[in-house]
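Chains A and B are the protein sequences, given in the same order. One point on numbering: in numbering that gives the first Met the number 0, the residue at position 363 of the first sequence is 362, and numbering is uninterrupted. One point on numbering: in numbering that gives the first Met the number 0, the residue at position 351 of the second sequence is 350, and numbering is uninterrupted.
Among these hints, one or two may not hold up.
The list makes no distinction among identical chains, and a pair is therefore deemed to hold if it is satisfied within one copy or across any two copies.
[To be verified] List time: in silico DSS-like cross-link candidates among lysine-lysine, alpha-carbon distance up to 27 Å: (1) K164 x K32; (2) K178 x K32; (3) K164 x K440; (4) K174 x K32; (5) K269 x K178.
Don't read these hints as lab results, they were simulated from the structure.
Number of protein chains: 2
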Amino acid sequence: MTSGATPHSETLERAVQAIEDRSYWSAYPEHPKAYGEEAPDEGEAAFHALLGNPFETDQMHDGHRDVAESSPFGIELGITYPSTDVATVIGAATEAMRSWGSASTDDRAEVCLEILDRLSIQSFTMANAVMHTTGQSFLMAFQAGGPHALDRGLEAVAYTYREQKRLPDPLRWEKPQGKRPPIIIEKRWITRPRGVAVLIGVSTFPTWNGYPGIFASLAAGNPVVVKPHPGTILPLALVVRTAREVLRDAGYDPNVLQLLVDTPDAPVAKDLVMRTEVGIVDYTGGSLFGDWLEQNVTHADVYTEKAGVNSVILDSVRDLGSVFRNLSVSMTMYSGQMCTTPQNIFIPAGGVVVDGATVPYDDVVTGFVTAIEGLLSDDARAAAILGAIKGAETLARIDEATSLGTVLCTSRAVENSEFPDATVRTPTIVEVDGSSDAYRKEVFGPVIFVVKTTSTSESVALAKAVALESGAITWLAYATDELTQESIIDAAVDAGVSVAFNLTGGLFVNQSAAYSDFHVTGGNPAGNASLTDPAFVARRFIVVGVRLEPGS
Amino acid sequence: MTSGATPHSETLERAVQAIEDRSYWSAYPEHPKAYGEEAPDEGEAAFHALLGNPFETDQMHDGHRDVAESSPFGIELGITYPSTDVATVIGAATEAMRSWGSASTDDRAEVCLEILDRLSIQSFTMANAVMHTTGQSFLMAFQAGGPHALDRGLEAVAYTYREQKRLPDPLRWEKPQGKRPPIIIEKRWITRPRGVAVLIGVSTFPTWNGYPGIFASLAAGNPVVVKPHPGTILPLALVVRTAREVLRDAGYDPNVLQLLVDTPDAPVAKDLVMRTEVGIVDYTGGSLFGDWLEQNVTHADVYTEKAGVNSVILDSVRDLGSVFRNLSVSMTMYSGQMCTTPQNIFIPAGGVVVDGATVPYDDVVTGFVTAIEGLLSDDARAAAILGAIKGAETLARIDEATSLGTVLCTSRAVENSEFPDATVRTPTIVEVDGSSDAYRKEVFGPVIFVVKTTSTSESVALAKAVALESGAITWLAYATDELTQESIIDAAVDAGVSVAFNLTGGLFVNQSAAYSDFHVTGGNPAGNASLTDPAFVARRFIVVGVRLEPGS
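Build out the structure end to end from the sequences listed, making use of the hints.
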């Protein structure tokens, strides 16, 4: 430890290294066992203690309000949250910015890492909160909602820290003047937050998608107002409560982070973001509101992740069995409710080359559907993979999808023995021609399109057209020869979509690794920002230069 | 030289070092004598050869068109420019992006540096072009239009290059799986341009303000359509012609850079920027159109520098004479037509502390006005400092300003012996109270407000309020004690204004040094971007990730 070291400085240094070399690293264990034997029960107990009670964040409020939060697993949540309003939170945030914005970059980073640490300790509480509000299976809720989200948060702190620490300060600037004495100026640079930041949470991955914006804003000195999705409040409420405790313990105004909840009947997001004090908006969710933000919030920087249509391109493989094993998991886990889940699988009518020999189209399709049906044939296993369905619209789409093409697999209800009221459904799989319009827009949830194309070239062209029209975050392509791979990469670059090739093992295309993978490119309608890259953080603060003529 | 060295790689490496350490450096000599004895005459001859003739850029056009370009020095320009239209340039740019966008980061940087070098060789031609279209004196036109602008361009290349080169490529990513074999993924990252870039030029500093956007966009692979100010076309036309020659010589589609001229009667900028192919807009100019761009161009990234009201805060000094010498130059050079020129000088009614003793307000004001009158008393010297007035509106404001307060100095016409038709005027100086509204908005041109305040605290508060209302790029403060300095710095940080202290020597507040000073903070209405910082370049390209499961 160096003399300037703080409890978290080594972790921060390691995170900065990780975003430079982009190799595998994690600060928060993803294995539940790493948290000790008591942790699971303690977390569950802590979660149950929250149910049916007012949730306290220790922020100014006029009572607690009922909300429209509900559990896809069918349990009664009944949590009420502090009731406040836009004017109150904006006023308190503006006040909190004075001290937080003038704290040092190092001190702010230290507080951010302490928040992440205290959230990490609560990973089992968070897992239950994420599971029961989003419908994720317990393991996914634990990993994606806990350690993986925390890694995304730390990654954002590392980027923001690095950008702010770039400036040599102070500096003696000396410009030669030929035979005359040089011009000498003493220079400093002072960073300042951009303004009040707003985080508009998503219903499915509130922490994983929320932490990058929250922690990048915090690390740059901006106070954050957290406005969760009206149907998924608890996970971000836990974040706000924990952060406020850390802030208070560290001697800062806890209003650096505030919670503002609303209901579908009386949404507050538009009023909130249109306040002139707002300098930053981070949003994950549907395209309708995301587009509205991009087009109307011109007084603040807006970072969006919106809808997208992800594709699988099947051209040639070594072994179909391992391909289907990988695909059947990635296309069904959490019932297709991940922003990175493939929706479409493009298969050429001429079939797929398997280790040199061509397997006919019909056999490939049958194999694919059979693999998914097999994986989900056992209710216990199906429930663990599928999680539960969040949102009535998603449930409706499963059945509506049967009218969109030839039904290859009919959705069925799955029993969850632990949570009998859980809404669990296997996917609808429909087959369409390339000329169909059905697969060209996002059908969010457990709906899979098998798209029959004339050739791999057409598959690629269609996937590209769909990405440019409707957005896309990920492609997964199976192609064994380099030329085909290169042509798919070219199309992915044009379409602004990240692409994975030939996944047959333990990595699923849905997974995006902190410190290494960029999530969303910003190059198509799926979003205008990438989590996390320099562009995501560099405008969250401004730099004021100070010049002084010495001796004057 | 390393094995991968190219003609310009050492210069680029040095520029990257300069943006890291921010100490003084320049790649292009600012002393005219460095260019050889013949250069001045050759440049003048080259400029005269352009007058009255069609300007050739070798781009597709349907003839040459008359424009509204005019010289503040009163000479007849009479240059016609290629006539083309929005659809043609957008089509050609989109086509050019294919090859330019897929060139390597190194190759693009090399081309950018070659363009800068070839422009440097023409610095005397450019000096004449800038002088006779903007009204700058010859020396300013030479330095700010030539080497200083080129340094800003190289700085932008260095930033863009550095951001693109950050990604380790390729990478073998290895995630441990306990006792099982690790997950191994081969990763690549491919950068891609954002889209067609548009540069909307300014009438006063077309190259200095234009190069950062042009070269950042080029270095990131975006083709650039240059739409000069209708009254100041020639400097950017020279840039386009030179760049196209370099591009062609290097084997690229010259339509990577295109010129699109218009006239005040038939402006094309709105049609141009609203094209969906446009991904980037760089703008310098008035706030009316800048605000329109920020509010309406939501499909592209918009970088603006708009109007601002810069202030001098006079509190305490060592020696008033040297303060007035510095101020009289900075507030009159190029007739206040620099975006960094102070417009207001705030002086407390109680006077200014000079080396411990208080000099009464009236004496300070008299001294200030006398210094400016003295500096400009000789017509030859006045003409060299003032340059000439660009734009009829600016001329009108000089006389209108006399109604805005107590006139301390009446503007007079100055004779320019070399250019008898030049429009040269000394500034109007008016005195107002802090309660006046007159000084709170930009009065562009040679108009100076002496603002009488109750105290330095009021001076600072008013300067801050004006900056937040109307924008500001620079403050110049004179304060000898640290506490006052710190309170001014706090206000500058709040107002998002760079601040210089106690300038009495060879540095003027108007000057912003490439590689060291950030121009515009983005933190007030003077503009939303800073030249050049990571935020200015990081969104000009996107990154597409490629993941491959090895051996599959």
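Any of the earlier hints contradicted here, and which numbers?
Checked against the structure, the hints that fail are numbers 1, 3 and 5, while the rest are satisfied.
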